[in-house]
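Protein chains: 2
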Amino acid sequence: MSTNPTNPTTITAEEGTPYLEVVRDFDCTPAQLFRAHTDPKVVARWLGPRDLEMDVEEYDARPGGSYRYIHHGGHLGDHRAAFHGVFHTVKPDLIVQTFEFEGAPDEVVLGTYRIQEVDGRTRLITRSVFPSMAAREAALASGMEYGIRDSMDRLAELLAREV
Amino acid sequence: MSTNPTNPTTITAEEGTPYLEVVRDFDCTPAQLFRAHTDPKVVARWLGPRDLEMDVEEYDARPGGSYRYIHHGGHLGDHRAAFHGVFHTVKPDLIVQTFEFEGAPDEVVLGTYRIQEVDGRTRLITRSVFPSMAAREAALASGMEYGIRDSMDRLAELLAREV
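Just so you know, the protein sequences line up as chains D and Y, in that order.
Taking the numbering used here, the leading residue of the first sequence gets 1, the next gets one more, and so forth.
Taking the numbering used here, the leading residue of the second sequence gets 1, the next gets one more, and so forth.
Isolated chain D, as found in the complex:
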């Protein structure tokens, strides 16, 4: 399978809604993309901006499982950015999980990851539902978009090396 790590990442934050949608095609199988979202050893190699380290404290990707990870280093300096949540659905084509950035406590986001085969590629459709429109705007203002684009590129590069 030919692998193109330069497919575009499309980020949509429609005005007047609390949703953030991210779509990216990968030249890999659905099973590979699923593993990249559920195996903590793989997740730790692409999730987050490129300059950060990621410590995975827990990543139990099954319905009712919990996760917590910490980003540090790089532009964060002495700061550590921790995230946690629980998995509601873990199926080959659908992952639904909660997401809380501990720097914005009690602002819980619901994240949905759909994995679909499209014309021989695998499409990842991520939809985040924020608890308010203001919470989405705050997340975007904090540089979330940059982190998403970097993560998607890193994931494509990882899949290109290891397909």
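Please keep in mind that the hints were generated in silico from the structure rather than gathered at the bench.
Don't take each hint at face value.
Because identical chains cannot be distinguished in the list, a pair is counted as satisfied if it fits within a single copy or across any two copies.
[What the hints assert, rightly or not] Under the rule of at most 16 Å between Cα atoms (straight-line distance), these lysine to aspartate or glutamate pairs were calculated in the EDC-like manner: (1) Lys41 <-> Asp106; (2) Lys41 <-> Glu102; (3) Lys91 <-> Glu137; (4) Lys41 <-> Glu57; (5) Lys91 <-> Asp106; (6) Lys91 <-> Glu162; (7) Lys41 <-> Glu107; (8) Lys41 <-> Asp55; (9) Lys41 <-> Glu137; (10) Lys91 <-> Glu117; (11) Lys41 <-> Glu53; (12) Lys41 <-> Asp150; (13) Lys91 <-> Asp39; (14) Lys91 <-> Asp51; (15) Lys91 <-> Asp27.
Here the structure is a predicted model, which is why all the values come from computation and not from measurement.
Once you've looked at the hints, dock chain Y against the given chain D.
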């Protein structure tokens, strides 16, 4: 503490948003309202329309805990309506949990329950975030509002008997 089981329930479904907000004041302590949301023996006595029975299969109200329950009887006839989800936050003043009606699979709602003391009463502020505006409209069309009003009245009656 005097108890008034006839306080109004305010349900707000603002146009153009995927949110449903329910506010109700109870003449009880915050701790009593918290227990009514976390002890499955109490939950089973008020959650849902009055004519239904509720079987609680699991109700592990702690962060990372899961729940599943089934409504049956009454107007459901031979039908059984099952619901499940996971708890993200369980604190005395805040519960955050996912919610899936198994009749609408993969439509996951994020529910937030805030418990606040206001002028000697305890206010419950429930906010449900639907995965789309259409999902909220479908839930409202299915009679969800009736179920909410009945639940809030049953809860008030239960607290009135057992304060």
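Hint-by-hint comparison with the structure:
In the homo-oligomer, the alpha carbons of lysine 41 and aspartate 106 never lie at most 16 Å apart, since the shortest distance is 28 Å inside one protomer and 27 Å across protomers. In the homo-oligomer, the alpha carbons of lysine 41 and glutamate 102 never lie at most 16 Å apart, since the shortest distance is 22 Å inside one protomer and 32 Å across protomers. Taking the shortest alpha-carbon separations for lysine 91 and glutamate 137, neither the intra-copy value of 30 Å nor the inter-copy value of 26 Å comes in at or below 16 Å. Only within a single protomer do lysine 41 and glutamate 57 lie at most 16 Å apart by alpha-carbon distance; the minimum there is 11 Å, versus 34 Å between protomers.
Proximity of lysine 91 to aspartate 106 under the C-alpha cut-off of 16 Å is restricted to the inter-copy arrangement: shortest distance 10 Å between copies versus 27 Å within a copy. In this homomeric assembly, lysine 91 and glutamate 162 never come within 16 Å of each other (Cα to Cα): the closest approach is 22 Å inside a single copy and 43 Å across copies. In this assembly of identical chains, lysine 41 and glutamate 107 lie within 16 Å of each other by CA distance neither inside one copy nor across copies; the values are 27 Å within and 29 Å between. In this homomeric assembly, lysine 41 and aspartate 55 come within 16 Å of each other (Cα to Cα) only inside a single copy, at 10 Å, whereas the closest approach across copies is 39 Å.
Taking the shortest alpha-carbon separations for lysine 41 and glutamate 137, neither the intra-copy value of 31 Å nor the inter-copy value of 40 Å comes in at or below 16 Å. Taking identical chains as interchangeable, the C-alpha atoms of lysine 91 and glutamate 117 lie at most 16 Å apart only when both belong to the same chain, with a minimum of 15 Å there against 41 Å between chains. In this homomeric assembly, lysine 41 and glutamate 53 come within 16 Å of each other (Cα to Cα) only inside a single copy, at 13 Å, whereas the closest approach across copies is 45 Å. Taking CA atoms no more than 16 Å apart as the test, lysine 41 paired with aspartate 150 passes in neither setting, with 18 Å inside one copy and 48 Å between copies.
For the homomeric pair lysine 91 and aspartate 39, the shortest alpha-carbon distance inside one copy (13 Å) is at most 16 Å, but the shortest distance between copies (30 Å) is not. In this assembly of identical chains, lysine 91 and aspartate 51 lie within 16 Å of each other by CA distance neither inside one copy nor across copies; the values are 31 Å within and 35 Å between. With identical chains, the CA atoms of lysine 91 and aspartate 27 are never at most 16 Å apart, being 20 Å at best within one copy and 43 Å at best between copies.
The structure shown violates the earlier hints numbered 1, 2, 3, 6, 7, 9, 12, 14 and 15.
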